[in-house]
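Enquirer: In order, the protein sequence lines correspond to chains A, B and C. Using this note's numbering, the first residue of the first sequence is number 1, and each one after it goes up by one. Using this note's numbering, the first residue of the second sequence is number 1, and each one after it goes up by one. Using this note's numbering, the first residue of the third sequence is number 1, and each one after it goes up by one.
Derived by calculation from the structure, the hints in this document are not laboratory data. Hints may contain errors.
Said to hold, decoys possible - Derived list of chain B stretches under chain C, where covered just means 3 residues or more per stretch with a C-beta under 8 Å from a C-beta of chain C:
hint: 1; region: 249-262
hint: 2; region: 381-392
hint: 3; region: 402-412
hint: 4; region: 651-661
What the hints assert, rightly or not - List time: in silico DSS-like cross-link candidates among lysine-lysine, alpha-carbon distance up to 30 Å:
hint: 5; chain 1: B; residue 1: Lys401; chain 2: A; residue 2: Lys54
hint: 6; chain 1: B; residue 1: Lys114; chain 2: B; residue 2: Lys355
hint: 7; chain 1: A; residue 1: Lys54; chain 2: A; residue 2: Lys130
hint: 8; chain 1: C; residue 1: Lys112; chain 2: A; residue 2: Lys123
hint: 9; chain 1: A; residue 1: Lys76; chain 2: C; residue 2: Lys112
Quick caveat: nothing in here was measured; it's all calculated off a predicted structure. All C-beta atoms, glycine included, are put in the ideal place defined by N, C-alpha and C.
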Amino acid sequence: MSSDLTENTIQEAQTPKRPRWGRLLAWLGLIALLLLLFTALRRSQQGPVGVGKKAPDFTLTTFDGDQISLSELGGKVVVLNFWASWCKPCEQEAADLEAAWRLYQPGAEVVFLGVDWTDTEVKAKQYLEKFDITYPNGPDLGTRISQAYRTTGVPETYIIDKDGTLAYVKFSPFISLNEITNAIDPLLDE
Amino acid sequence: MIANIGYGILFITLLVSIYGVGAAYYGARKNDPRWIESARLSMLLTFPLITLSSLSLIYLLVTGRFEHQFVQSVTSSSMPIYLRVTALWGGQSGSLVFWSWLLAAFASSVTLRKWDRDREFLPWVIVVSLVTLAFFLILVVFFENPFTRFWQLPGGDIRAAMFQPQGSSLFLPRDGTGLNPLLRHPGMIIHPPMLYLGFVSFVVPFAFGIAALVTGRTDDRWIRITRRWSLVAWLFLSLGLLLGGRWAYDVLGWGGYWGWDPVEIAAFMPWLTGTAFLHSVMIQEKRGMLKRWNMVLIILTYSLVIFGTFLTRSGVLSSVHAFAQSAIGPLFFAYIGLTFTISLALLLSRWDELKAEGEMTSLLSREALFLLNNLLFMGILVVCFWGVIFPLISELVTGQKVTVGPPFYERATAPLFAGLLLLMGIAPLAAWRHSTFKTLGRTVWKPSLISLIVPVYAFIRGIHQPAALLGFWLAAFVAFVTLHEFWRGARARAKRSGENLFTALWRLAGRNRRRYGGYIIHLGVVLMAIGIIGIEIFQVETQGTLAQGEQITLENYTLTYNSLAVFDTDDGRNVARAVIGVEKSGDYVGDLHPRRDYYLDSQQPMTIPGVRSTWEEDLYVLLVDWQPVSTNSATFKVYKNPLVNWLWFGGLVFIFGTLVAAWPDRDPEPVPVRKKKSSYAAAEA
Amino acid sequence: MPPLKLENKMTFRKQFARSNIPNSVDSFWILTFIAALALSLSLALPVVSSANAQSDNPQPPTDDDVNAVAKQLYCPVCENTPLDVCPTQACEEWRQLIYDKLALGWNEDQIKVYFVDQYGDRVLAEPPARGLNWLVYIIPPLVFLVGLFVVYRALQAWKKTPDTDQSRLPDNIESDEYIQRLEEDLKNL
């Protein structure tokens with residue numbers, strides 16, 4: 001025991017104080033890891049973009065080849081609907097969405113956009129034909145749009161008001177045409 | 001009623017744990033044995049309490065009380081009794097209760113040992129164990145409560161809550177969803193308990209390590225105490241991983257046993273540091289070196305256990321293994337922050353006192369090779385850890401989600417595993433303390449040359465892949481060296497004691513269980529390596545849609561789709577069972593019965609392969625269930641997995657070796673010593 | 001100098017064996033050995049030969065052709081599930097997509113690029129080597145080399161003086177036995 005003590009003191013006397021970069025590195029590593037976990041956790045708990053927030057911008061390339069950006073649609077109400085051909089509940093609202101589109105189309109104040117999430121083009125086009133959908137639809141290339149809105153599945157609908165703020169969200173299929181119009185009409189008066 | 005009792009007991013246990021932490025801490029600070037004894041008793045008390053609570057939960061499961069949310073989610077009326085018991089760990093909240101029960105069991109058994117020589121450790125071991133237990137109990141009591149019930153509110157909505165909301169009445173669902181079909185397989189029943197046992201039992205060596213840091217007893221006492229604990233913990237963890245692999249192979253239906261899924265890796269990482277720890281403690285015991293490193297390793301092992309549990313249960317990663325997202329994430333994060341920070345602070349505070357006692361004299365000594373072994377294990381750990389957290393970093397920094405999958409892990413870890421295999425062969429030949437390139441080279445060249453026979457033979461038989469040849473050579477090399485160690489020891493003993501070789505071997509192993517158990521484990525690893533080389537490098541597959549009577553071929557196998565039977569079973573399954581006739585090289589060798597089970601209650605299918613197993617290979621036939629299945633046509637996927645049964649057999653040898661190593665050594669033989677009469681009389685007095 | 005008797009010769013050899021003289025030689029050899037091993041092993045690994053790039057395949061693609069490509073892609077929806085074993089309808093449609101593209105004569109790389117465009121980098125089995133993703137591939141070998149260096153320095157630092165450490169146990173098979181006997185005696189004290 002005593003030999004250890006003397007050894008220690010001799011050691012300290014002989015060698016200069018070693019740089020404490022090892023300890024610094026260890027603490028920095030720990031802090032970095034905790035920071036990473038914290039942000040990853042926060043992100044996973046975040047959920048989709050909430051009502052009242054600014055709607056994330058995106059560019060949709062439709063199946064016809066057109067490019068539509070949200071930023072260019074300022075001054076209009078935008079109905080952003082996420083769907084997929086393999087999604088059974090999406091079919092429940094498909095007809096209603098198309099009917100709503102035809103209702104608002106003459107007024108030119110509302111734009112309907114369909115984002116086809118992780119789907120195949122062939123099946124998507126079959127789906128669109130089946131429900132005779134005429135408003136613009138395009139694939140979610142690179143799943144960038146769904147990631148921007150942090151969607152958790154399909155169908156989901158995000159209604160953006162004329163100022164570009166998210167005004168209404170729906171995480172299940174619309175039950176009726178009325179439900180859609182009830183959501184859109186208040187935004188037209190603004 | 002039962003639920004209230006069960007929940008209440010858990011709450012009381014939580015209070016008891018918190019009391020124990022406080023009492024132990026206070027007793028240690030004031031050096032008052034009465035408080036420490038009180039803390040020890042409270043730790044002992046937690047076990048019967050949690051047992052009662054678990055039993056009440058099991059009672060609810062077995063009697064099918066579906067008004068309880070947890071019971072409804074994991075059982076159904078068509079499930080047999082034994083499955084309802086195992087459903088305890090079939091869901092998040094139940095498995096947390098199960099975890100707590102195991103932790104209480106281990107913590108309590110630790111307190112029952114003789115503490116005479118290590119009194120100063122006791123309070124800190126209690127603190128660490130009870131803090132961990134308290135954490136898991138907080139998770140259960142406040143966040144993931146298995147005792148919540150369904151209540152029907154006046155408006156008609158159903159809500160799950162522990163205590164009855166105003167104006168509501170108890171809601172009784174008609175039936176439960178039932179356990180996920182994947183979890184109903186025997187291998188799956190035992191895999192989570194084994195894993196949890198492995199995770200939980202590592203708390204004990206960690207607690208002793210922390211105790212050593214706090215009390216300043218930086219000698220290897222804490223290692224000697226926990227030697228058997230660590231081995232047993234490692235045994236359970238290894239068993240859990242092996243069973244997981246076997247289960248994946250048997251029922252998951254993709255012809256493999258390990259997918260490098262993040263959750264699998266999360267369980268693998270503590271195993272890596274645990275194995276490194278088991279090796280490097282030998283250096284500390286023999287030479288008094290690597291004290292700091294051993295402390296780092298045990299802290300890492302515990303931290304990785306908690307970290308892995310966090311990843312699996314918090315929803316940060318989504319995978320087929322992970323539990324559904326829940327609210328326990330933030331609390332887990334807080335716990336991780338707390339334990340990592342305190343451990344690091346303690347370690348750094350005692351850093352200078354953990355100086356090595358011995359010195360390294362030669363870079364090829366066994367100590368140096370063990371150090372290399374640790375380096376390789378750490379290398380694999382870094383690959384795994386980085387691969388798991390990188391997707392999180394990527395999403396954070398670039399917003400892009402990426403997958404880090406098997407090609408990355410396999411390419412990065414294969415050389416490291418090969419290096420470990422090589423070391424397994426060289427290390428037994430290196431001497432403690434000193435070995436030069438010459439002396440080591442002298443002992444190494446013979447086995448390396450002789451073992452070359454194996455790859456040469458393989459080459460002649462048509463195997464030309466360099467990786468396979470290298471792997472086989474290394475495997476043979478290690479096997480040869482290890483068997484030679486047995487031979488050498490037995491022969492030396494037989495010469496000395498006059499016994500025959502077998503008795504000598506038996507007695508020798510009996511007296512040195514750790515060493516020879518370790519060698520058996522290495523042999524097990526060699527066998528597993530052979531199996532892994534076979535299936536990873538030489539697996540072939542094919543898929544085809546067959547009408548009844550049609551055939552599909554895979555190399556020298558011809559399979560004929562003979563018939564299909566579709567029927568319902570008593571335990572709620574709709575089964576489609578195909579009969580496949582198998583011919584190997586033209587000879588009929590039997591029938592296989594791949595089937596698709598559709599579980600009506602949970603509406604989930606499961607594919608069970610038909611497998612023909614031999615030492616040479618497995619013929620593995622799957623009914624591809626997402627194609628229409630009928631007697632007209634059915635789609636089959638066929639795998640040929642060479643040498644895979646060496647993997648499972650090697651696993652058995654591995655476990656056997658661990659049992660041998662963990663078994664208490666017999667008392668050493670009395671060696672007759674001639675003493676002078678006077679000293680003998682003096683000793684008697 | 002006295003003539004070297006047999007015992008002296010043995011002692012001399014023993015001393016020589018125990019000395020620290022060839023330490024830098026040892027360390028050099030050991031490090032080159034490891035490096036050579038690692039290098040040879042990483043080169044010895046079979047390059048995962050993907051399905052041959054067939055641009056003009058007159059026959060319809062078989063299930064095996066589809067699976068060969070699907071094996072290397074991951075389901076965009078369900079995490080960490082390869083496309084050839086994923087049972088969902090969406091995955092079934094993606095396999096159909098691979099089939100269609102193969103029938104059109106696309107090769108494996110073209111199909112992979114298409115999938116990445118459509119569904120993001122996530123569908124690949126490893127992050128594509130660009131930008132931040134380089135870190136995935138660089139960090140582990142780098143850390144390993146750093147670790148190797150640390151081990152080397154630690155070993156060098158520990159080789160201070162010739163070995164005067166007498167305290168430890170005799171280096172033979174019964175060493176564990178002696179420890180146990182010692183423990184027993186201590187227990188009985």
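Enquirer: Can you list which hints this structure breaks, lowest number first?
Expert: Per hint list: 4, 7 and 9 violated.
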